[in-house]
Amino acid sequence: MARVVLTIGNDISTDTIYPGRYMATVLPTETPQYAFADLPINQKLNHHEIPPGTVIVAGENFGCGSSREQAASALKGWDFIVVAKSFARIFFQNAINLGLRIIICPSIEAKEGDELEFYPDHIINLNTQESFAIQPLPPARQALIDGGGLIAYTRQLLMQERKSQTTESAKSAPF
Amino acid sequence: MGMTVVEKILAMASGQSVVHPGEVVEPQVDLAMSHENAALVINQFHEIFKGTNLEAKVWNPSKIAIIFDHRVPAESAKTATNQKKVRDFVREQGIQKFHDIRGDEGGICHQILAESGYVLPGSVVVGTDSHTTTHGALGAFAFGVGATEMASIWTLGRVLNVEVPGTIKINIHGNMPWLVSAKDIILAIIGKISAQGANFKVLEFHGEGVDNLPTSGRLTLCNMAVEAGATSGIVPPDKETWRYLREEAGVDISEIVLQADLDAHYDQIVDIDISELEPQIAFPHTVDNVHPLPDALGLPIDQVMIGSCTNGRLEDIEIAARILHGRSISRRVRMLVFPASFRVYRKALQAGFIQDLIEAGAVIMNPGCGPCLGVHEGVLGDGERGLSTTNRNFKGRMGNPNAEVFLCSPAVAAASALTGTITDPRQILTNDAVNTKA
Ligand code: SF4
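Going line by line, the protein sequences match chains C and R. My numbering applies: residue 1 is where the first sequence begins, and numbers increase by one. My numbering applies: residue 176 is where the second sequence begins, and numbers increase by one.
Simulated from the structure, these hints should not be mistaken for lab results. Incorrect hints may have been included.
If the Cβ cut is set under 10 Å, some of the chain C residues that face chain R in the computed set are [stated by the list, open to error]:
1) 15
2) 28
3) 41
4) 43
5) 67
6) 90
For glycine and all other residues, C-beta sits at the position ideal for the given N, C-alpha and C.
Work out the full structure, taking the sequences as your base and the hints as a guide.
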């Protein structure tokens, strides 16, 4: 069960999630302080009035605009769950790469303060008792999440590939 | 079933004879571009190598390009330190396609890639910038990725888990009217299909409207494909593509044929006739809030900005200079011009355009992204209205959530600078050819 702390409309751009003027950040841990920097929720976050594991409910095309990964890492830093009717492509991929919890729920209806309960294929809004179907992630993306995110997954492939390269060059060595 | 242009590129890059939308492939990358955000990529790159006992080496330094453009010269100590970190990395890894802040080779990443001949038809280009879609204008499959994705690409040389996108065919019919430009066409398309109308899809451009466009205009079209949510835009390579590559980008390679099959599958076909198209303008605060120019005429403005990867090329500066030549901009506006690269800047100087602009009261800034992303140089004040040839007008995009940004073509921007209100350029520069005919 998780509480909705922010509901926000369609076409929310990465400039709203993470304004461009804070883009000189290099470490993912530097970014959460600037999440939604121009919205009132930013103050609440930085005063620790919002516990981890709460929910943002958004409309269509959440995360449109820039490829800045800070938009995903800032939300990940507060351990948000983002439920949206749809996501913009690059934000969606960044979220998966970094392990931000995102859920595509085309019919979701909730308001701030509502409690949501998550099931593998649907969400129940406990305040209205309504149920909303979840659109599953494509299998290739789910594999990435299950593999611990893109860094861990790439590291694993790197080790495999370099290992097979070294055994091959050992095989072809002239002795 | 046949393949679209992007399906063919992805099949080649993934070592398959055929691919279809929805299939997951791992294409080899021909060019991987970053800008200042390479500092973040470097951090994630080192994370990948952590605990492996392997030397952290990029897969192929000749396929990596890094261009400083977003904050040049550095606006803060933090940015300056990041840029230093990137320069060190470039040296240590032997990356050659590096463009620092220099008058001989600097500029906005997307302009640099195109004019330096780094992008070839049929190639796979990725960039840590959403406007990497720009390079579809040269017949490449080019798309934006995040920093961690780029770190993974630097390590392995391929993109993991790419779902082959579906394609929307855009047929542009008719001839372009006087003082209407590629910017107006793409704004009209975005207004028509919406900011998410092409989410996860490719826009493949066809028709006489694109056949007649020089590469500069095609770059503008593909640049803004992402504003409709598209993964990429693409113009199948034709005579003009090869001309641009040879004459303007200095590449000498043999031509290839890269066309969609006649029985290729399109998710959607959109027809747009431009023969009667008005100049277009996007109202705040979304790019798809597009109106014909007459809806905006007379709105007072405070700042005009001409530049960016969308409209900072020589043709854009030329039309502004022709409109401003011998005239003076209104005292109620500031006008900032950011050429897209130093090469563009030098050519505009030689042609006398820069002189025209300065004498009219415009300020020429150094090539780079400038105020486009709201970090420095030309931020708007509370309650101010900016008119800009850039590609985004989201709340806060140009540095101040309490300001408004309208998007338009260079001709509309220049004409409006003269009056201080949104103005139709056709009232200032008449088409003599049309007039004599009439
Ligand atoms: S000019 Fe603007 S849109 Fe283009 S790369 Fe720079 S910041 Fe991005």
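**Report entry** Numbered hints the structure breaks, given as an ascending list
**Finding:** 3, 4
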